[in-house]
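Novice: Each chain is listed here by its residues.
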Amino acid sequence: MDLNTNLNRRQLLSRTGAGIGSLALGSLLQRDALAAMPEAFQAVAPRAKSVIFFHMTGAPSQLDLFDEKPVLRKYDRQLAPEELFKGKRFSFLRGHPKLLGSPYQFSKHGKSGLALSELLPRLGGVADELCLVKSVHTTEFNHGPAQLVFHTGLNRQGNPSIGSWTTYGLGSESENLPAYVVFLTGNTPGAGANLWKSGFLPSVHQGVQLRGEGDPVLFLNSPKGVTSEERRRTLDSIEALNRQNFELVGDPEIQTRIEQYEMAFRMQSSVPDLVDLSQESEATLDMYGKGEFAGQCLKARRLVERGVRFVELFHGDWDTHAGQKGRLAGLTKEVDQPIAALITDLKQRGLLDQTLVVWGAEFGRTPMLQGDESPAKCGRDHQKDAFTVWIAGGGIKGGTTYGSTNELGNEVAENPVEVRDLHATMMHLLGINHEKLTYRFQGFDQRLTGVEEARVIREILG
Amino acid sequence: MVARPQLHPLLLVTLLLSAIRGSGVDFEKEIFPIFEARCLDCHDTATLKGGIGLETFYHAHLPTDAGEALFTPGDVTKSVLFHVVSEADPEKRMPPKGDPLSSGEIELLKRWIEEGAKWPDDGWRPPKHWSYVTPVRSVPPSVNPPLLENRHPNEIDFFITATQQEHGLTLNPEADPARLLRRVTLDLTGLPPTIEQTDAFLADPSYAQYTKVVDELLASPSYGEKWAVPWLDLARYADSEGYQRDSPRSMWPWRDWVITALNEDKPFDQFSIEQLAGDLLPNATESQKIATAFHRNSPLNLEAGTDPNEDHYKQIVDRVNTTGTIWLGSTVGCAQCHNHKYDPISAKEYYELFAFFNNTPMESKQEGMEMGMANMVHIGPVLEVTRSTADIDAELRAEAEYETFLTGIRSDLLEAVDTHVKKDPKGRESLPEEVQKILEQEQEMNLNQCRTISTKLALKNPGMSRRFEEAEIMENRLKEQRKKEVRILQEMSEPRSTFVAKRGDFLSAGEKVSPATPAALHPFPDEFPRNRLGLAKWLVDPANPLAARAYINRLWIELFGQGLVTTPEDFGSQGEKPSHPELLDWLAVSFVEDDHWSMKKSLRRIVLSATYRQSTVVNPKSAEVDPRNQFLWRHPGHRLGAEMIRDQALAISGLLSEKRLGIHVRPFQPETFWRKSAGQSETYYVPSQGEDAYRRGVYTLWRRNAHYPGFANFDAPDRSACVVKRDISNTPLQALTLLNDPVYVEFAGAFGKRIAKEGGDGLDERLEWAFRTALTRTPRAPELELLRSAFETVRSESGSEEKAWREMATILLNLHETISRS
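Line order of the protein sequences matches chains A and B.
So for the first sequence, our numbering puts the first residue at 336; every next one is plus one.
So for the second sequence, our numbering puts the first residue at 39; every next one is plus one.
Among the clues, some could well be false.
Mimicking EDC-like on lysine to aspartate or glutamate, the simulated pairs with C-alpha atoms at most 20 Å apart in a straight line are [stated by the list, open to error]:
| hint | chain 1 | residue 1 | chain 2 | residue 2 |
| --- | --- | --- | --- | --- |
| 1 | A | K421 | B | E348 |
| 2 | B | K540 | A | E475 |
| 3 | B | K540 | A | E788 |
| 4 | B | K498 | B | D431 |
| 5 | A | K423 | B | D345 |
| 6 | B | K87 | B | E129 |
| 7 | B | K659 | A | E770 |
| 8 | B | K135 | A | E788 |
| 9 | A | K559 | B | E784 |
| 10 | B | K87 | A | E788 |
| 11 | A | K421 | B | D345 |
| 12 | B | K352 | A | E475 |
| 13 | B | K540 | A | E787 |
| 14 | B | K841 | A | E565 |
| 15 | B | K130 | A | E749 |
| 16 | A | K559 | B | E620 |
| 17 | A | K423 | B | D543 |
| 18 | B | K87 | A | E770 |
| 19 | A | K559 | B | E839 |
| 20 | A | K433 | A | E742 |
| 21 | B | K697 | B | D431 |
| 22 | B | K841 | A | E564 |
| 23 | B | K130 | A | E787 |
| 24 | B | K166 | B | E620 |
| 25 | B | K130 | A | E564 |
| 26 | B | K87 | A | E787 |
| 27 | A | K559 | B | E840 |
| 28 | A | K423 | B | E348 |
Derived from the structure by calculation, the hints contain no laboratory data.
Using the sequences plus the hints, can you model the full thing?
Specialist: Take a look at the structure:
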């Protein structure tokens, strides 16, 4: 598989202010955004060409899903040892909290024998594709800032998201669809659209939200009563006048404008086509199951099939401070089947080895119990020091675990992974050297992974 | 006591010196060679890994990125250098590659430190960067006369053409009068000229007349509405908090302050001082206090469980960085975590700047801890502002709107109640007493009472709960109008201590610092108070070479799409050098000395230049020499900003409201776009009614996490952080917006009707009128021909003239030329 074909041209185009489709190179005249050239940041042969990034807004409990802690279960509802909370800051926990053992059973799956919680039965079916990274930690313990770190590397607003960096680096392979697409189920994440904004990168690199209600892309549909033929005719008139203007003035931006109107017209049919799931077989639809999120997972596959570079799916709200038991079961039920189906589907179509699937959240949850002690009402607070992210697909060693936490799961025991290490690894799998994909802003070459060292986690690469 | 022989002082010195030379470690011969052989790969002046430099005296004496001293003379225990080379753990030991230093080498380093770590000063200092040097006004170069003959040049043009000459370039001819009028009107007021204004100018397109037009435009109240926008971007002004909660905040009185100050042409130094420290001015007026809301625009994290101290720290960081960007053109923010890698600002100096801002009260606190809630509430200082008659008018209108809405609810509710009791012979008397009591009030029932009835009777009335919520939103808005408030800065009587936050972590307090300005910048005069007011005065002190340069550069960006320095946020050593350094300095000095910081005068000078007035036509030869148009051989004719595009469409379609200032408005946007968040009072987006739907963009509600989509698609930032230059992108989403956004569809419909009504008689006359209304200039024959045939096609197919005019309107509103300066 040669993913490099035509890369240079695409990348060049991606910086002309359009990023999508084939554009007039003349637009270069106007731009200052041409910081990095492709040869400067291509690290290795890319292992993946698209990314599907799952963000479980609010932070799921790794201790009830992926990171089994028998010791914690043993000391369930007993006072937590002091080192778990002394001198540490939490959002809500105060005083001397108790421990909360997981009420869920874990069992081994697949040839690899990866242990997963009973809440994720379907995911168990694709366990051999997953690499559980159990030792991720972050710097923030509030949702907004932590989500920003997880997406942009910075705890404040203003930096580009990882999806924007990816399309900035690699452009798009789709002539008819935006390069970076975002889906939301449930509450909008706290940090909002900043999580798919392009920050200081050219704004063409921001994610485009595909919506469930109304137009799938804002303003996609022609006004009521305007037929496709009428629209075409209007566009022809606009184009003819723009072209006359171009011939007199010669400004390449006019040429780009003409191309963008054409792209918009194509999107008016390509996007409805994309979201039309009636084209899928019954078997496929059954495999993904019902519900908004299931539809989005299926659309994610259809997007990467069509060459879209980065798809992100937010699902919420996993912020289980209280009533964790019922809520967690409900949330996992919504995501377990569709995500497992997506992996299976990608694999069946030969797309999994060129698609990187990453599942995670802004942080994890504490082994300490929060709130009412009753099994139905209790919950867990935010935990920044250790949580689980899993990765599957392009270039990843499946059926494996990387890193571990201590007995109670409050801290990383071995192989700590910073969020920026995760970013560096994702970039690496896309064939990008994260230290070299830069954009000049505020006087220096900014990068996703920031100024501190970030490490590609080579141990998890296939 | 035994008397010791007295030594002559000179002899003592000689002896000591000989001790140093004789038995002491020789830095040059014994120490530096170790550095050269084992350290400089990573710690030379070019690399400075970890903020550690061992090549020069200067770098060696700076604290490391971690804020520690590399060595402390006489004390190896406080010398990082010694610790890292003698570290047992090979993972942590330096150098990281090769063998560890020999025990002999380590011993030498130890002795050298114990003996006082003598390091002769090699005299190396960071070179003084161009932007830190005081600008001087050089004599404008003379140019070959024919080049500017009959062009009414000013000094700007001499600088520009001189540089062009060096590259074999020339200015384009002057833009034709209609295009020029359109350009300057849009640039000064954000609105296109009317046909009457155009006709007047075309009757006398002389330079003298042009000057007159410029002066009229500068005096128009629309000027402030247009020029406020870039300032609001810099000031990260928004009507919501940002972050997770993103709840509404009342800051719009400050936005009005900016518009008013610009229209009054408040000099930039005063404009700056009032915003940074208006509260500290003697006998501060209400207006001066409102001005300080500038720095209360920082995002505020009200997510439950946030540490208020940490968020306070982040806000001060935002204030320091924003101040640095605007008045120092500098990326001081880089020094938040470590010494600035490239510019002469140390981490300590960063926190000295921080200390100026750190004396304002806390902005938020946690509440409900006893219930395990940790909810966050805003507690920062707020000023209740005197309301203007316009504010009161607006309130009355909003009240009437609310009353109408509530009346609708009441009537429907009463009807539903009657249906509910229809089958009961006792009628309303069958209802619970509480309900009956409320019902007696009939049309006087308030919202809560309506709600009570609906709940008590479990009335099935689809859409009612939504209407209740909408009414509540309107009620809240009304409250906001009745009490006009703005968040302001206030100085605490007891100053808060400021410490260096090691590696930018506010929990690791380092050295305590007091307010001071960076040593490499112009001195802080003794007579200035060491508080925000002093800092503000220092920033706009004529001795500050950066404030005026940065200002002029931003002005240039607004007019030409790119700055004379193409990295407007960074005038430091890593930024780009100016394309026209003498011009930049000439303008900066003129701004301060001749214009006395008048923003209108400096703007006037630029738009009067021949450089500004030239056409946008691309000359292929020039394009080959200078494809980026760095030397301005053409006017760049870049796309209009987000608000301007909408404002212009409103003006063209005849819908634009003339109302100015006041509480923000909510133009229509797709319902699915609004985002509700926890604790957020506004569940729905309730669009403004009447003319408030057609106000200028500067008055549009700016919600950080869901800012107006029609603006977002045209690169308007969400205003979460200071933005110096908006992107000017060209995307399919822009096409979709102009073609399909219901707002633009409405504009097109209105414009179509307007053409039919006001455009005169006959097809060609109307087409020409429509074209001139949108594009100012007269259509060329083929353009007119094209429109005529498009019109005929639609009319003959649909049989509807209205539809055909709407088609014309849609086409005209979507042209590249319409949304650009041409």
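Novice: Please flag the earlier hints that this structure goes against, numbers listed from lowest up.
Specialist: As far as the earlier hints go, 4, 7, 16 and 25 are violated by this structure, in ascending order.
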